[in-house]
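Peer 1: Let's have the full structure, built from the sequences with the hints guiding it.
Listed below, chain by chain, are the residues.
There are 2 protein chains.
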Amino acid sequence: MSDLDSFKWWGWGAADRRAQVSATAQAALREELGVEPGAGSEPIALERVALPEPRPVPEAVGDAMPAGRLLTDTEARLRRAAGRSYPDLMRLRSGKLELAPDAVAVPADRAEVAAVLSACAGPRVAVVPFGGGSSVVGGLDAVADGHAAVISLDLGALRGVELDRTSLTATLGPGLRGPEAEAALGGLGVTLGHFPQSFEQATIGGYAATRSAGQASSGFGRFDEMVTALELTSPAGVLRTRETPHTAAGPSLRELVLGSEGTLGVITEVTCRVRPAPQLRRYEGWIAADFASGREIIRELAQRDEMPDTLRLSDEEETRVSLQLAGSEGWQKRALDAYLGLRRRRGGCLLICGWEGEREAVRRRRSLAGRRLRAGGAVALGGTAGRTWERGRFEGPYLRDELLGLGVLVETLETAHSWSRLEELYRAVGGALREALGPRSIVMCHLSHAYADGASLYFTFFAAARPGEELEQWRAAKTGACEAIVSAGGTITHHHAVGRDHAPYMRAEVGELGLEALRAVKQRLDPAGVMNPGKLLP
Amino acid sequence: MSDLDSFKWWGWGAADRRAQVSATAQAALREELGVEPGAGSEPIALERVALPEPRPVPEAVGDAMPAGRLLTDTEARLRRAAGRSYPDLMRLRSGKLELAPDAVAVPADRAEVAAVLSACAGPRVAVVPFGGGSSVVGGLDAVADGHAAVISLDLGALRGVELDRTSLTATLGPGLRGPEAEAALGGLGVTLGHFPQSFEQATIGGYAATRSAGQASSGFGRFDEMVTALELTSPAGVLRTRETPHTAAGPSLRELVLGSEGTLGVITEVTCRVRPAPQLRRYEGWIAADFASGREIIRELAQRDEMPDTLRLSDEEETRVSLQLAGSEGWQKRALDAYLGLRRRRGGCLLICGWEGEREAVRRRRSLAGRRLRAGGAVALGGTAGRTWERGRFEGPYLRDELLGLGVLVETLETAHSWSRLEELYRAVGGALREALGPRSIVMCHLSHAYADGASLYFTFFAAARPGEELEQWRAAKTGACEAIVSAGGTITHHHAVGRDHAPYMRAEVGELGLEALRAVKQRLDPAGVMNPGKLLP
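Order-wise, the sequence lines are chains R and D.
In this text, residue positions in the first sequence follow my numbering: the first is 307, and each later residue adds one.
In this text, residue positions in the second sequence follow my numbering: the first is 307, and each later residue adds one.
Treat the hints with caution; some may be incorrect.
What the hints assert, rightly or not - Chain D stretches covered by chain R per the calculated footprint, using a threshold of three residues with CB under 8 Å from any CB of chain R: (1) 446-460; (2) 516-528; (3) 539-553; (4) 702-709.
What the hints assert, rightly or not - Simulated DEER-style distance windows between Cβ atoms: (5) D:Glu729 to R:Leu586: 29 to 37 Å; (6) R:Gly698 to D:Leu586: 39 to 47 Å; (7) D:Gly688 to R:Arg665: 28 to 36 Å; (8) D:Ser793 to R:Ala320: 24 to 32 Å; (9) R:Glu612 to D:Ala366: 27 to 35 Å.
Bear in mind the hints are in silico, worked out from the structure with no lab data behind them.
Ideal placement from N, C-alpha and C gives every residue a C-beta, glycine not left out.
Peer 2: See the structure below:
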């Protein structure tokens, strides 16, 4: 009924796959962060995990589902109890979960989704929609918030795929995971081209509910830009937007459902743009003289409409750490040499560029971007660097699990601002993280989503975990960064969504009247307030 | 205080400018439509116009405005009493207006806008925001809807221009007209690139409130795509969205304000993307073998990301009528020859393509599109055809006034659909219009806004006006077309907005729950329901 069993319950991705961290890299990282020898630990055994005692789920909810589609066993609850943020992972690894759904409903189709929502509204049972389980903002926390019980609503059975080849759109079920959607569409000769780092686990419904952005979003668009129509099944009924390429008929209801994070209802169908499967994928590495000049190159590319489909610029620190973690053979060695050569100027920053599409279009666009890169002082590293990045593009979360096992705190967060204020945001957030984590931390950043008017910044930070105080340590860093973002006028999230972790900053983000407008919509679509309590709205 | 005096009160555009229709074209049109000799008439004199008796405006409203900023004279009321749809124009020309605002407030700044809205909420005075007065969907009708009085809120004094050269965004006052905004930005070396046919009159605030699309929207984006942030001053307070290139922080409030048509509040500031002023503008004409093959060429261009900035394909009928109205010398003659040559195959359709930007980018993009056009069987007419179109691009509404004076009913309407259902929509709407207007009518269409997943269709229709029954005649055609659009699953409007004329179709467009969501937002932002009653929501 679900493929969740093939994933780790305590960490990222396929149950049978772990990342390798070389002994040299481990030693360097421990030394730099001051990790004590023997720190860290493996996750506890599944049978030792302690979940909160389940509250009884009102009979009406079970009655709304065919037999076997309301699960109450511990593993089913555990597997929907958390996302994959640092606090989530630490709670899972330690087996101490304060929150878990009391039961898991797995509706077979849209009618059953509607039936479950109807059954929950009366007795006020909270509903947490569940897609891929990859939230990094507490979007899956089973917050009761005064409700009688909390159920997880797993959309895993809604997996339809229908292609409109003329319009190049596909209508997809929300439960399809990234690889599954790509495989189905690939068999029809097209691609969605949406590759977030969470690709292996995340689902179509989750992409839409959180306004996901993928690694190739510069070329293919963020997921919210790709969605042409969708269906929301809410407690008050079904809302379906028109499948027309655009409409001027009032405020956009599609844009009201996108990013609603399960608080208005459940996204039960998504129509989105697809493209012909690419003839050619070409990824390559460059080294920019420094982060500022690399940023200027990207601004030029974005403002001249010459962007590669994938573009990612690491700052000096991320460049250094990536090379260190990756070892020093092959292209990494050559990259390092180029980097050191440039270092004599002002340091160096790794830039990954990727193009996908028809052979001739890739050639033409690559040549345009190459000219701009060279004009901006960047040095080409060639295709090997790009291919290596491409091969490892979904590796980050696996690596993170290993570092957690070594006693390292690792977390990421992201924001965005206009070009004129990006440097200010970069300094403010980096500074806040360093202050919270102390001198023996690593705070690194890349710019991976660029627009004509601005770009996003994606921060990764490392520190030695303080045993027993990991969550407080994380909280201090997260709060410092969020407050810095708000002060600098950036957005609290470019593509990770709000969930529970960012909800306290929504007032700063949209203002009191903005919150009121969103609350008004929620009250109309979810009058009993059962949909994903504690998320999005403070 | 206002430049409205420089425009016609009874028709389109500059008071001192009229279009010429050649005697040959007049004769041909009369003959084809069966217009009786002597039909039609000039507009009556301004002093003979009869406005409804003004209701007294509560003192609080006058008190909220500095002296001289609340106008009550007949001409001030008349000039804000109607938009520029066929019914609007017929009412103005005949001097018989059933609706007019009781007074006109002209706030000097955003604080005065807020003050007026506050003053109106208590005594329930309806407020109709007024930008350029170019609505063609009844968006300006002074509907009292149970209110004590109706005021027009003229945003003409809010004309700020501020450029962020690094981020290539401009923050603009809502009262700036198209030419004024372009002149100010042009002086700073940039362009908005938004050129709707209403350019001369329409304003920035109106563009945003109605989700305007311009002639170059294929390249520059529709106006709603260009807006990065905006401010809404509502009766309940001010809502301002963040100036970041994107955010995943929940549903998009920007997209809730865009298209709100003054029903939620007044758009008091708009930040939007600009581009460097183009080095080169290149417009050229082509002839496609027929509408279907021209449409396929455009679909290819859109799906391969090879679209010109402007692209417009006339169907066979529009091609024939345009050439007829334009005369038969110069390029028109050559176009006609090419057209007739092609006719031996299956007819011919005029295609206008335009590129704007850096010389080299224009050359490259033009060559790409040219290849696709030739591959699709289109024949190049050269630059003269394009330049002629470019020169006459804002001429349509002037021409229309002249045809009205000759006793011809002329109206336009537009819709959009996915590529796979565009042909069905084209036939359905054309058929409905021909049925309503009878055999001696002209119904023509062009495709001018194309996307990867679909395109818009823009219909223009002509018939002999039935004296004294013009509005009923119009109503029958409009209703037939709207019902055909709804049945075919198209959108009721691609870029003219909803206003009062399309409000009855909003239930079909967004569903009952969609309406409920919009009503919920309106109740929160405009609790007294004073904002633009009778528009958008049925």
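Peer 1: For every hint, state whether the structure bears it out.
Peer 2: Going through the hints against the structure:
With 0 residues carrying a beta carbon less than 8 Å from a beta carbon of chain R, the segment 446-460 of chain D misses the three-residue requirement, and the given coverage is violated. A stretch counts as covered by a chain when three or more of its residues have a beta carbon under 8 Å from one of that chain; for the segment 516-528 of chain D and chain R the count is 5, and the coverage holds. Residues of the segment 539-553 of chain D with a Cβ under 8 Å from some Cβ of chain R number 13, which satisfies the need for three, so the listed coverage holds. Under the rule that three or more residues need a Cβ within less than 8 Å of chain R, the assignment of the segment 702-709 of chain D is violated, with 0 such residues.
A hinted range of 29 to 37 Å holds for the C-beta pair glutamate 729 of chain D and leucine 586 of chain R, which are about 33 Å apart. Here the CB-CB span from glycine 698 of chain R to leucine 586 of chain D is close to 43 Å, well matched to the stated 39 to 47 Å. Distance hint check: the CB atoms of glycine 688 of chain D and arginine 665 of chain R are about 31 Å apart, consistent with the given range 28 to 36 Å. Serine 793 of chain D and alanine 320 of chain R have their C-beta atoms about 49 Å apart, which leaves the hinted 24 to 32 Å range violated.
A beta carbon spacing of about 56 Å between glutamate 612 of chain R and alanine 366 of chain D contradicts the range 27 to 35 Å that was offered as a hint.
Checked against the numbered hints given earlier, the structure breaks hints 1, 4, 8, 9 and satisfies all the rest.
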